[in-house]
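Trainee: Sequences are here, hints too, so could you generate the full structure?
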Amino acid sequence: MMNEVKEHNLKIAPYFFEQQLSGRKSWELRYNDRDYNIGDILYLHEWDKKKGYSKRILKVQVVDMLKDYYLLKDDVVLLTTKILDRTQALFTDW
Numbered sequence: 001m002m003n004e005v006k007e008h009n010l011k012i013a014p015y016f017f018e019q020q021l022s023g024r025k026s027w028e029l030r031y032n033d034r035d036y037n038i039g040d041i042l043y044l045h046e047w048d049k050k051k052g053y054s055k056r057i058l059k060v061q062v063v064d065m066l067k068d069y070y071l072l073k074d075d076v077v078l079l080t081t082k083i084l085d086r087t088q089a090l091f092t093d094w
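Residue numbers for the sequence shown follow UniProt numbering, beginning at 1 and rising by one.
Fair warning: there could be bad hints in the mix.
Only pairs whose alpha carbons sit at most 25 angstroms apart, straight line, appear in this in silico DMTMM-like list of lysine to aspartate or glutamate [claimed, not checked]:
#1 K59 to D75
#2 K59 to D48
#3 K73 to D35
#4 K49 to D68
#5 K49 to D75
#6 K25 to E7
#7 K49 to E18
#8 K25 to D35
The hints are simulated quantities; they were obtained by calculation from the structure and are not laboratory data.
Mentor: The structure is reproduced here in C-alpha cells:
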C-alpha cells in the first residue's frame with residue numbers, strides 16, 4: 001500500500017533557502033514531527049527571525065529519506081529533495 005502524499009509548509013532561513021534555490025543544497029535535515037514520506041511535497045517559506053516571512057516560497061518534493069540511522073537522533077530525518085517549482089521563489093519584497 002502506498003502512502004498518501006502530504007504537503008508540508010515549513011520555515012527555512014534565508015541562507016538555506018538560497019542554497020536550495022540555487023541547487024547547491026538538495027536536502028533538508030528536520031525533526032520528524034510530521035511523519036514525512038518519500039513523495040511528500042514541501043513548501044519552503046523563507047523566514048528570518050528579525051524580518052519574518054518574505055514572499056518567497058520554494059516547492060520541492062521528497063525523493064529519498066534517511067531515518068533510523070545511528071548518526072541521527074531518533075526524531076530526526078534527512079530528506080533528499082528535488083525542486084518542483086521555483087517561480088514563487090525568485091523575488092522578495094523585504
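Trainee: With reference to the structure, classify each hint as holding or not holding.
Mentor: Hint check:
1. Straight-line distance between C-alpha atoms of K59 and D75 comes to about 24 angstroms, which keeps the hinted pair within the 25 angstroms bound.
2. In summary, the hint linking K59 to D48 is supported, as the alpha carbons are separated by about 18 angstroms, within the 25 angstroms threshold.
3. A hinted pair counts as satisfied when its Cα atoms are at most 25 angstroms apart, and K73 with D35 qualifies at roughly 15 angstroms.
4. Straight-line distance between C-alpha atoms of K49 and D68 comes to about 31 angstroms, which puts the hinted pair past the 25 angstroms bound.
5. A distance of roughly 24 angstroms separates the Cα atoms of K49 and D75; the hinted pair therefore holds under the 25 angstroms criterion.
6. Distance check on the hinted pair: K25 and E7 sit about 20 angstroms apart at the alpha-carbon level, within 25 angstroms; holds.
7. This hinted pair checks out: K49 and E18 have alpha carbons roughly 16 angstroms apart, not beyond 25 angstroms.
8. A distance of roughly 22 angstroms separates the Cα atoms of K25 and D35; the hinted pair therefore holds under the 25 angstroms criterion.
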